[in-house]
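Peer 1: Protein chains in written order, with the numbering used here: chain H, 1 to 632; chain D, 1 to 110.
Keep in mind that the hints were calculated from the coordinates and are not lab data. Hints may contain errors.
Okay, the calculated beta carbon distance ranges per label pair [to be verified]:
hint	chain 1	residue 1	chain 2	residue 2	range
1	H	Ala-624	D	Glu-11	55 to 65 Å
2	D	Val-105	H	Gly-619	54 to 64 Å
3	D	Val-105	H	Tyr-599	23 to 33 Å
4	D	Gln-107	H	Ala-591	35 to 45 Å
5	D	Gln-98	H	Gly-619	30 to 40 Å
6	D	Arg-95	H	Glu-592	23 to 33 Å
7	H	Asn-583	D	Ala-86	31 to 41 Å
8	H	Tyr-599	D	Gln-98	55 to 65 Å
9	D	Asn-33	H	Val-582	50 to 60 Å
Every residue gets a Cβ at the ideal spot worked out from N, C-alpha and C, and that includes glycine.
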Amino acid sequence: MNMTDAWVLPLLPAAAFVLLALLGPYLPRRGDWIAVGAIFAAFVLALLVAADFTSALADHGAEFAGVANSVPWVEIPGSIEIRLGVHVDAITVTMLIVVSFVAFLVQFYSLGYMKGDSRYGWYYAVISLFAASMLALVLAGNFLLLYFAWELVGLCSYLLIGHYNHLRSAAEAAKKAFITTRIGDVGLLIAIILLWRETGTFDIQEVFAAAEAGAIRTEVLTASVVLLFLGAMGKSAQFPFHVWLPDAMEGPTPVSALIHAATMVVAGVYLVARTLPLFELVAGGPELVLAVGLFTTFLSAFLGLVMTDIKRVIAYSTINSLGLMFVALGVGSPAAAMLYLFTHAFFKALLFLAAGSVIHATERQEVGQLGGLWSKMPVTSATFAIGALSMAGLPFLAGFWAKDEILVALTENRAAFALALLTLPVTAIYMARVFILTFLGAPRDAEAHEHAHESPLTMALPLVALAVLTLVAGFVAFDQVGRALGFPGGIGEVIFAHEPHTFDFDIAVAAGSSVLVAVGLVAGWYAYAARTELPARVSSALRPVHVLLERKYYLDDLYQTVIDRGVLGVSRVIAWFDRNVVNDTAVNGPAETTSLIAYLLRFQQTGRVPNYALAIIVGVVALALVAFSLKT
Amino acid sequence: MEAVSEQIPLEHFLVLSAILFSIGVYGVLTRRNAVLILMSVELMLNAASINMVAFAAYAAPSATIVTGIIFAIFIITVAAAEVGLALAIILNLFRNRQTANVDEVNQLKW
């Protein structure tokens with residue numbers, strides 16, 4: 001499989017989508033095997049593309065920046081040329097593997113989780129379309145194609161969040177997700193158009209070349225970069241656009257695992273990583289990314305402490321992780337960000353799928369109704385524990401290496417470093433909290449506990465696979481591992497080969513972060529497992545803070561007020577104008593006037609012959625007068 | 001033979017024609033009986049006919065142009081045909097409504 005043929009990858013799940021959408025109801029098992037088969041084939045092809053990439057790296061050395069392959073699509077001579085094409089480099093290959101592998105695992109898991117669902121076939125169709133769009137997004141060689149794929153993943157997210165379409169809350173959540181990300185998408189579109197107007201091309205590499213040559217005016221470049229980042233903020237749930245992600249948990253859990261943990265939400269991270277050269281050319285660009293990322297990660301860390309729905313806790317931890325990825329990008333270390341993206345995909349998907357396992361078995365998601373599931377669901381509990389520890393950053397698990405990489409990159413920036421360090425124990429505490437409350441202790445709902453059983457093989461296998469990956473995937477950061485796999489070095493060497501970055505293992509930073517994580521875990525254990533009243537006492541002592549966190553900093557209320565007063569207020573005025581001025585006066589007016597005139601004129605039809613005769617005579621006389629006056 | 005033109009000026013004939021026409025118009029507008037309206041219409045036609053013949057006699061007295069006279073013959077022919085048709089209509093109207101009073105046949109109204 002040549003790298004230049006990578007365009008085949010999105011076509012496989014796309015074909016699966018078309019087949020399932022059209023023929024789904026008539027296929028055996030609604031065609032789920034087509035979908036799973038297509039994504040598995042895409043995964044295999046992704047591995048082959050990676051192999052081709054590594055051999056190309058070996059041939060060309062560190063200078064190899066990637067290949068592009070495109071064909072013209074729409075061409076208007078003199079103005080626009082739109083090409084269809086792919087661009088494959090190190091970031092692309094990483095994303096291809098992550099996306100196709102997690103998508104495959106999630107679709108495999110859904111065989112068990114979504115069994116018996118009334119909209120089973122459509123679920124598989126849309127999830128195939130999502131896989132196709134995401135693959136197309138990471139392969140896109142020009143901005144326009146990227147934007148198409150960007151919007152498509154947003155659409156699939158909307159459709160999948162609203163999968164349980166009998167639930168009002170699901171419909172509202174889907175709407176919220178789509179509209180919130182849309183606001184960012186507008187920014188992205190404007191940025192693409194601005195860049196095109198300055199450079200005349202949509203091709204990403206050409207835009208970079210133009211920017212570096214100074215062909216783009218500073219104001220335009222700054223505006224484009226900020227607007228581009230707006231798009232990334234929307235999709236990747238950064239503050240203040242993060243509000244859609246927790247609500248998106250209304251969708252089925254495999255959807256949450258795939259879209260809202262591993263793939264779609266990292267599209268923003270991918271975009272910024274891909275366009276990092278542009279950010280670096282703008283004064284304050286990386287600082288903006290850093291600030292937004294820090295703020296998001298700090299804010300969301302505390303929200304995980306008060307949420308009682310297991311999926312929502314994991315959702316907030318996702319926002320936390322995404323913020324950290326942007327922090328890494330903001331300090332100019334895309335390698336750290338991609339490493340975290342890579343490992344995060346695995347352990348976050350693992351956490352969600354394990355949560356799904358719990359939900360499937362007990363039909364409950366509130367920790368107030370769970371507890372004591374360790375004995376009943378050992379595989380789920382063990383894998384969840386691994387995922388949670390990796391999220392917290394326990395040494396030697398995947399999350400640890402990734403977070404360490406980011407912290408090392410941050411050491412120059414004192415304030416950012418301190419803030420990031422602060423989030424470590426908080427993350428550890430809330431991950432411990434959710435694990436303990438769900439799996440340990442006495443069961444809080446007897447019926448749920450009775451019902452609980454270990455998941456079937458289709459659901460358990462992906463959990464185990466992801467757990468294994470969580471244990472080992474972090475080691476790709478090391479050069480030795482990278483070379484063993486055939487790459488010229490660790491992940492730092494490969495991503496952005498023109499700025500190679502070997503993995504710095506700073507023992508001080510690692511030790512410090514490990515200590516903080518340990519402190520957090522112990523605190524969490526003490527608070528929730530040992531039967532102290534500590535959590536209750538703390539929350540009553542800090543009641544205002546607790547309420548603030550519970551209401552999610554009142555952001556949802558703020559947005560709702562803005563919409564109710566602002567948007568709906570304006571729309572009421574416009575609606576009044578539309579009804580009264582446009583409809584009643586402009587459209588109905590002439591019609592009513594005509595009607596009125598006709599009503600009055602009909603009295604002319606008296607039915608009396610002499611009247612008509614008079615009319616004729618008068619007409620003739622009038623004409624004669626006119627003719628006479630014209631003649632003279 | 002002396003032409004009529006030396007004895008009676010043209011205007012006299014035209015005024016005669018106009019007066020007859022006006023009487024005809026008055027009749028069409030005021031009579032209630034349909035047959036009388038028809039008679040008035042005939043009067044109007046004949047007035048026009050006089051007009052034509054007067055011009056024929058005065059405009060080209062010694063010429064062989066007899067356009068006005070031919071016109072008058074046509075008018076008489078058309079009037080005859082039209083009267084036949086109109087009387088048939090009035091007859092039918094009378095059979096249906098038992099009246100020839102045009103004031104009473106005003107059903108085709110608003």
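Peer 1: For every hint, state whether the structure bears it out.
Peer 2: Hints, verified against the model:
no., hint, verdict
1, H:Ala-624 - D:Glu-11: 55 to 65 Å, "violated, 19 Å"
2, D:Val-105 - H:Gly-619: 54 to 64 Å, "violated, 22 Å"
3, D:Val-105 - H:Tyr-599: 23 to 33 Å, "holds, 25 Å"
4, D:Gln-107 - H:Ala-591: 35 to 45 Å, "violated, 30 Å"
5, D:Gln-98 - H:Gly-619: 30 to 40 Å, "holds, 33 Å"
6, D:Arg-95 - H:Glu-592: 23 to 33 Å, "violated, 45 Å"
7, H:Asn-583 - D:Ala-86: 31 to 41 Å, "violated, 53 Å"
8, H:Tyr-599 - D:Gln-98: 55 to 65 Å, "violated, 34 Å"
9, D:Asn-33 - H:Val-582: 50 to 60 Å, "holds, 58 Å"
When each numbered hint is compared with the structure, violations occur for hints 1, 2, 4, 6, 7 and 8.
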